[in-house]
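J.: Quick mapping for you: the protein sequence lines, in order, are chains A and B. The first sequence finishes on residue 172 if you use my numbering, and the numbering steps up by one all the way, no holes. The second sequence finishes on residue 289 if you use my numbering, and the numbering steps up by one all the way, no holes.
You may find that some hints are simply not true.
From the structure, some residues in chain B lie toward chain A, with a derived Cβ separation under 10 angstroms [stated by the list, open to error]:
#1 Arg11
#2 Leu14
#3 Ala20
#4 Ala21
#5 Phe38
#6 Gly41
#7 Asp58
#8 Gly128
#9 Gly198
#10 Arg199
Across the chosen pairs, the derived CB separations fall in these ranges [as the list claims (entries may be wrong)]:
#11 A:Val132 with B:Glu71: 20 to 28 angstroms
#12 B:Leu74 with A:Asp129: 22 to 30 angstroms
#13 A:Arg90 with B:Pro59: 43 to 51 angstroms
#14 B:Ala37 with A:Val97: 41 to 49 angstroms
#15 B:Ala206 with A:Thr2: 52 to 60 angstroms
#16 B:Gly66 with A:Val132: 25 to 33 angstroms
Calculated from the model, a selection of chain B residues having no Cβ within reach of chain A, i.e. all distances over 12 angstroms [unchecked claim]:
#17 Ala81
#18 Glu191
#19 Ser227
If you are wondering where the hints come from, they were derived from the structure by calculation, not from laboratory data. Glycine included, C-beta positions come from ideal geometry on N, C-alpha and C.
Chain residues, written in single-letter form:
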Amino acid sequence: MTPRLRVLLVLVTAVALEGTLLDELRIGGVSVELLLLVSVLTGYHGGPERGAITAFFAGLLHDSIVGAPLGLHALVYPPMAVAVSSLELRMLRSTPVTDGLAVLAAVAAGQGLASAVGMLFGVLGSSTDEFVRQAILAGILTAVVSAPVNRVVRWAATGGLPDTIELRRGGS
Amino acid sequence: MAAPRPAERPRPTLLLLAAAALTLLTLHIRGAAPLDAFQQGVRDILEPLRTVTDTATDPIQTAWNGIFGYEELLAQNERLAEELARLRGRSVTDDADRELLERLLDEVGLDYSQLDTVVVRILGTPPGNFGTHRIEVDAGSDDGLTEGLAVVSGAGLVGRLEQVDRARSTVILATHPEFLVGVRLVESQDEGLARGTGRGTLRIEAGIRPGADIAWNEAVVTSGGRSILPADIPVGRVIDPDENAEYERNVVIDLAADLESLSFLNVVLAPSEADPLDVDTGLSWSRRR
Numbered sequence: 001m002t003p004r005l006r007v008l009l010v011l012v013t014a015v016a017l018e019g020t021l022l023d024e025l026r027i028g029g030v031s032v033e034l035l036l037l038v039s040v041l042t043g044y045h046g047g048p049e050r051g052a053i054t055a056f057f058a059g060l061l062h063d064s065i066v067g068a069p070l071g072l073h074a075l076v077y078p079p080m081a082v083a084v085s086s087l088e089l090r091m092l093r094s095t096p097v098t099d100g101l102a103v104l105a106a107v108a109a110g111q112g113l114a115s116a117v118g119m120l121f122g123v124l125g126s127s128t129d130e131f132v133r134q135a136i137l138a139g140i141l142t143a144v145v146s147a148p149v150n151r152v153v154r155w156a157a158t159g160g161l162p163d164t165i166e167l168r169r170g171g172s
Numbered sequence: 001m002a003a004p005r006p007a008e009r010p011r012p013t014l015l016l017l018a019a020a021a022l023t024l025l026t027l028h029i030r031g032a033a034p035l036d037a038f039q040q041g042v043r044d045i046l047e048p049l050r051t052v053t054d055t056a057t058d059p060i061q062t063a064w065n066g067i068f069g070y071e072e073l074l075a076q077n078e079r080l081a082e083e084l085a086r087l088r089g090r091s092v093t094d095d096a097d098r099e100l101l102e103r104l105l106d107e108v109g110l111d112y113s114q115l116d117t118v119v120v121r122i123l124g125t126p127p128g129n130f131g132t133h134r135i136e137v138d139a140g141s142d143d144g145l146t147e148g149l150a151v152v153s154g155a156g157l158v159g160r161l162e163q164v165d166r167a168r169s170t171v172i173l174a175t176h177p178e179f180l181v182g183v184r185l186v187e188s189q190d191e192g193l194a195r196g197t198g199r200g201t202l203r204i205e206a207g208i209r210p211g212a213d214i215a216w217n218e219a220v221v222t223s224g225g226r227s228i229l230p231a232d233i234p235v236g237r238v239i240d241p242d243e244n245a246e247y248e249r250n251v252v253i254d255l256a257a258d259l260e261s262l263s264f265l266n267v268v269l270a271p272s273e274a275d276p277l278d279v280d281t282g283l284s285w286s287r288r289r
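Just need the whole structure built from these sequences, with the hints factored in.
T.: Below, the structure is given as structure tokens:
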């Protein structure tokens, strides 16, 4: 299976899960932002360009299922994927805890940014406190489910190859 | 950790994607129909899957709500107990109230109870976390619904249909800050444009004369006219007539419908759509489903 097909499969599965099962399981009225998670993880594993393109299509699908104007999340998700990819290159060490916190921050930022763009285009009200609460809660919930999603996205974005190849000099 | 890819050029790609997204967004906000059709298509594809999941996850959802919604449930129970006590207390005055209402309806010529409606069940909030003050109902274009139709409960206006798919629709609630409705004050007969405040009330932002004599608790109904919502649907009662305003009056209305504990709603069919669907007219709340 080609990488593009794998990414497509992951996106379709994520849309189906976000629109069905995850929508049923809400805490405080907030659900997991699976498509945003897939976007940032693709940026993390697949690099900024692949991450941005995947995030764009993830954003379009997200716009469709939540009923937002088409292009709103597609405007927000690619910069998040590129930002995560860029941060990943600058991180000296990563542990599960730092990775989890990074996912939380990225999802909360993405969700908050989407609300801000929605307000800017006049499709959302101006209940800032509610949007902040939603963003933080969505970040926490999404970070909780990120471990299994991470494995799937790594498979899709890297094709099962090791992420890094260490080069060593031959000889003694 | 992912390997750096020197050949990648994220900046031009990002700019290109941002331009594409902005173009789509602008076209959609300006009302490009194919984009709406695309989104509706995606939702319609997912719809059977959502129905199956809704049914299959009902027990899980009940358990989930039991764990994470217990406090809310207790609060709701307390609120309902208070409401019940209040209603029991008021039952004595019911007859007098009914007579008063009938007299009021007679005086102002309201025919609220004679609108043709479709009964819909509330499914919950729409998927995702985008926005608030919206709910999803279980009827769509297959049931003769179209965007913009008024949604009411027995107490009055609840909102209007914002998105209509084949089997589901999204309702924007009257409390949403982007919800606008033309209203008329029943006693003073002043008309204005009311907007949701996001906090269970509406505020009349324009149209009221500075010197208008508006009473506390005055009934407010939809004004109809050029609005897509029919006239004379009860909206609520004035809780702040803003008497001290010097230039523009911002009258605050308490919504008549309780949005917290709804299960079923009525969608008011536009007059032009009532006839082809063969709905009985002149009857109280003609229930078609």
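J.: Against which earlier hints does the structure fall short, listed by number upward?
T.: The structure breaks none of the hints.
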